[in-house]
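Asker: Guided by the hints, dock chain B onto chain A, whose structure is given.
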Amino acid sequence: MPANDGRDLQRPSPDALLTQAQGEQRGRLKIFLGAAPGVGKTYEMLSVSRRKLREGVDVVVGVVETHGRIETETQLDGLEVIPRRQEIHQGRTLLEMDLDAILKRHPQLVLVDELAHTNTPGSRHPKRYQDVQELCAAGIDVYTTLNIQHVASLNDVVASITRVRVRETVPDSILEQADEIELIDLTPDDLMQRLREGKVYHGEAAERALAHYFTPSNITALRELALRRTAQRVDAQLRQQRRVQGIDEVWAASERVLVCINESPGAESLVRYAKRVADRLGATWTAVYLETERSRQLSESQRDTVAQTLRLAEHLGADTLTLPGERIADDVLRICREHNITQVIVSKSRRPRWFEWLHGSVVDELVRKSGNITVQVLGESNNAAERSAASATGDSTRPSINWGKPGDYLATAFWVALATLVGIAIDRTAGMANVSLIILPAVVFSATRYGLMPSLFGAIMSSLCYNYFMLPPLYTFTIGDPDNVLAFFAFIAVAFLISHLTARTRVQAQFAREQARTTAELLNFSRRLAGLRKIDELMELTATQVAQMLRVEAVLLTPVDGRLKLRASMPTIASLDEADLAAATWCLEKNRPTGRGSDTLPGARRLFLPLHNGNNGLAVIGVRHSDDEGRLEPDKRRLLDALSDLVVIAFERIRLARDVDQAKMLAETEKLRTALLTSISHDLRTPLASILGSITSLRSYSNLYDATTREELLATAQEETERMSRFVNNLLDMTRLDSGALAPRLEACDLHDLVGSALNRTKKLVAQHKISVHIPQDMPMLMLDFMLMEQVLVNLIDNAAKYAAPNTTIEVAAQMHRYALALEVRDQGPGIPEEDVLRIFDPFFRVKQADSKTAGTGLGLAVCRGFIQAMGGRISASNRRDSNGAVFTIEFPSRIVAKTLAPTETAA
Amino acid sequence: MTLGTGRILVVDDEPAIRRLLRTTLQAHDYEIVEANSAATALSMQRESNPDAIILDLGLPDRDGLQVIAEIRAVSAVPILILSSRDDERGKVAALDAGADDYITKPFGAEELLARIRTALRHRLQQQGSRPLYECDGLVVDLVRRIVTLDGLELRLSPKEYALLEQLVLHAGKVLTHKHLQKAAWPADADMDIQYLRIYIRQLRGKIERTPEQPTLLMTEPGVGYRLKGA
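Chains A and B are the protein sequences, given in the same order. So for the first sequence, the working numbering puts the first residue at 572; every next one is plus one. So for the second sequence, the working numbering puts the first residue at 188; every next one is plus one.
Here chain B stands alone, though its shape is the one from the complex:
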């Protein structure tokens, strides 16, 4: 497993969480910068120019969404949200405001590291994208627009392909329902979520070996979908 490298800004007002993140991430050779408030976070972001930001939404001095917006105004740095379980709306709002992904408290170290790797990779992809996705026998070639499972070519409808393309482009990252709808139905953003669910089901029927227990195209309850990172 390749260890990631880079500078990560950790923003949380709980010292215990900051300590946990610091020790875990430092052990994986990340450089850590810490902030305990939104104000400090913004100035740190300017000064230290981190490669990724881990941001707790419940900061004492400012609304988390506002922090995301302010960062996004000046930088495209990947932002990971730390949020609680029952706050699906908050997660969606943060993702729509420009956050890249989220981790639900309490979280395990593996999950945290996987998210950070995805975020950092995503940053690299923005600079020079990788048009080929390979995972568990599924191969998606975005240049040639060919999808194969265990070497057999799959026939996807245009909408199915549009959805898969988005998922592949952001593999490992959560995509909100809205994001996917916008990608597949650009003309009709407010359309019934039922269409999306139907297409996801159809897509699963084609790319998953056991569609009733999916392993690649995962549901993020209340938020959206995530394609397993390659």
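Pulled out of the complex, with its shape left as it was, chain A reads as follows:
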């Protein structure tokens, strides 16, 4: 091994340093841990805080319960107390810690008593330790108190010692997050002395407590637990210290623990045990639930148990997996190999002996095949109360049996009867033996059609029929021949086996069909997603799909300017209430499931899940059962996750496509701008060059030129100036169009007047052309902007004059059709090349001229199109059919015809 490798190993691990650095930015958490109430945690916390206060630390009291203990109350003097928030719950007024007030006050240190406290429903977090986590996250140091019996993984142990199960627990992870744990220790004798003196509870309560909870053995056991937990914690701190300083790990290989959970009520104990094992080993651990065909048959409460157990495991710091499986032992071992698991924890089977004898034991198989993996098989939870509580919840703990419909039994009876009749007929006519086989297909048939119970019924019935009709003596249920006894029992066995196997195949087939349907639907969904171009469509489709596949009400929200906005809902709703909106916002901000059935804001009506692409929260999806109760089942939850993944991908794709479009558009704009600059510089410089050239030569060499030359130079200057003027006008018009500042002023216009005015303005340009105007005398007044329309006509006539040779005719013709006005400007020029017909109205597009004489500005027609469109019409270009030349057609809908006024002379 090279020498520098040794140095590398000594270097602190980056992860460890990062963890420590994060700890430094966060507020520090100190827990005053006690074995039992009354040991003086709150007192100690307060006296430490007073010391801090004297040292100049900004300390406030978030919440402190003195329980009327005088010693403790005196310690509160001189400390700033944040007033508690009043919550009214079920008619009672409760005082809760005001989390927002503390966050706003932002002290250096806040005291929060009783970490395991459960908040009033409707608070932001269900548990106080979550409030504390938020305070720490906000950079506030927190002092808090905790009794050992509230630690989640010790819950079972404490319950078994004291026979009192504590409902309020905190996850073990919070103990690990604590920067400091101070154990408040008191010998059992001293504690009992305090109790007797009434320093902990008063009067009767004290006596009851002494009699039931605070027995010397209980206190000793709890004290041991607290000491051990603290020692474990010290150990962990030491290890962290070693890691940060780069001291090599003491243990060899890292351990990994896997716990397999099932739907039994003992699963929670199993998970807690696994947590303790993992902690002892300093190992990471995983909880897995394998979904087999049996999972389909579980009752709702059993599914809930599985989901709860998985949540508990997560809560205790495990990774959780839910995987589909077939043969449990093989699947577990496969997971072990994939995750480098060193220890597997499973619970003992509760199945009867014969069942294992028939189906084989998972545990046995696991042990046999496990190789170098340690398998721990746990005894069943001996907590009888737990089991009875579970069975008392109403639902059967056994898999529910599908009894089938009465009709199924009737049908089965029919088929068996039919088969029996056929059998009898064959028996009587052909005299063949062993016609029993004729009856069996009826059992198979009913098993495939109607499921297990009707087919078992069929099996019983068919064996009776067989006995009655076919085994001598006939028409009795007795059997004469001993040979037939054997045949009869063989028949029964076969009938039952077949019905069982077939029914099982049927269940599997159904399961597979459902899976296939789900897969097909997901595939179909992803296909439809691929076709979407707009976020709005995506939102609509997702809401519909989620609602349909999960049979829930779905809403989708996206952040708009920092606030969540309802984008789609199925069925349609107008808005969300405050509580739901708050939950959705929280969900997006923290990227965590929020709302009903989750840890945060469970008072909301919906469960909200974030759609997150790894960097940003994209959207929030909210679901709710239409009957307004029940949480989302694990399989639906997984389906929702699958859908969410698809939606996130689609979301990203659409955003990416939009970005690309924008980039393309920017590039186009850039190109246009370059073209504009080139064109403008050309169109301005060329006339300027002529003008300046003409004028300078006139000024400098006037005496050299004769009158004709002088006149020519002057004419050039004038013409070029006029040309430039027209270009500037078009440029200004174009700018007005582009900036959107163009608001047409529509008023009644006389088309004769318009054309006349335009011809007047273009008089000089068309001096060498013939002009022909065809406008019907009865042409009505038209609602147009006179200025804009005149400019359009001027540009079109100018354009015609430019391209058509002198002495040809330029025609202006108008015609009023039933639904539209058509105005045409026709010339006898070379026409428009076919490929340019559509592009001719684009800004800076010019049709190339062979001899490149008076090239257009490339703006005139663009201005025409802009103005015509602004007035509600359209313009197109084509080539004439009747002769050479181009024709420009302007069309307006007939609604531009001005309302006819009363007879003219009487209007006065």
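You may find that some hints are simply not true.
[As the list claims (entries may be wrong)] Simulated crosslink set (SDA-like; lysine to any residue; CA at most 20 Å straight-line): (1) A:Lys1105 to A:Asn1187; (2) B:Lys365 to B:Arg342; (3) A:Lys1334 to B:Ile290; (4) B:Lys393 to B:Glu340; (5) A:Lys1373 to A:His1253; (6) A:Lys1470 to B:Ile385; (7) A:Lys1373 to A:Ser1449; (8) A:Lys1335 to B:Leu329; (9) B:Lys393 to A:Gln1348; (10) A:Lys1335 to B:Pro293; (11) B:Lys292 to B:Lys393; (12) A:Lys1334 to B:Met405; (13) A:Lys1334 to B:Ala301.
Think of the hints as simulated: they come from the structure by calculation, not from any bench. Note that the structure is a prediction, hence the values are computed from the model and not measured.
Answerer: The following block gives chain B in isolation, referenced to the frame of chain A:
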């Protein structure tokens, strides 16, 4: 062509425009007084008593319309507005405020001189009007109320005649739509512009040889109409 004479006040803040106007007009024997701001213009107007004023609407120190109003308060001197192409509303507002005519920048020398002559003549007419209009074969006798084209008498409706009378009285000068409407329909000033357009079309049909390409009764887009000066 008779050269005009008189004193003209040129008000513009652009030295190049003032120089162009000065050289062009001086060459036609006009006397030129210059001002580069509204304040100077007003004092010059009092001191030099010009026969006509050429006023740029975009002065740095005051709104052009206000200048017109202040001049009109003390004098009936003809005012010609210099304005830009896209400012039809500004032109109409200035005409309504009392300006006599306008010239759109950029302009040619011929057009400028024609406008000035019309303005000056208009001033003379105010002192002693000429009741007879003759132009391109069209003769309008305002005293006898007879209109003839190439010697043939035209039959005009009362409204047509009322409009033509106004145009003849101000021949060569632009008349706003509002002005014409007020003259033909004194009782109903806010009436639809459509009536005016219909009557102008009818009038053109009678007095123009080629009504689709008029030569006498010209349209001033966005502003009004102008009858060719005699």
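Asker: Next, verify each hint and record whether it holds.
Answerer: Checked hints:
1. A:Lys1105 to A:Asn1187: 19 Å, holds
2. B:Lys365 to B:Arg342: 25 Å, violated
3. A:Lys1334 to B:Ile290: Given that 20 Å is the threshold and the Cα spacing comes to 19 Å, the pair holds.
4. B:Lys393 to B:Glu340: Holds. Lys393 of chain B to Glu340 of chain B sits at ~10 Å (cutoff 20 Å).
5. A:Lys1373 to A:His1253: Between Lys1373 of chain A and His1253 of chain A the Cα gap is close to 18 Å, so the pair holds against 20 Å.
6. A:Lys1470 to B:Ile385: Holds, at roughly 13 Å.
7. A:Lys1373 to A:Ser1449: 17 Å, holds
8. A:Lys1335 to B:Leu329: Given pair Lys1335 of chain A, Leu329 of chain B is violated - Cα atoms ~34 Å apart, limit 20 Å.
9. B:Lys393 to A:Gln1348: Holds, at roughly 14 Å.
10. A:Lys1335 to B:Pro293: Distance ~16 Å between Lys1335 of chain A and Pro293 of chain B Cα, so the pair holds.
11. B:Lys292 to B:Lys393: Status violated; Cα separation ~33 Å.
12. A:Lys1334 to B:Met405: Cα-Cα ~13 Å, so holds.
13. A:Lys1334 to B:Ala301: 18 Å, holds
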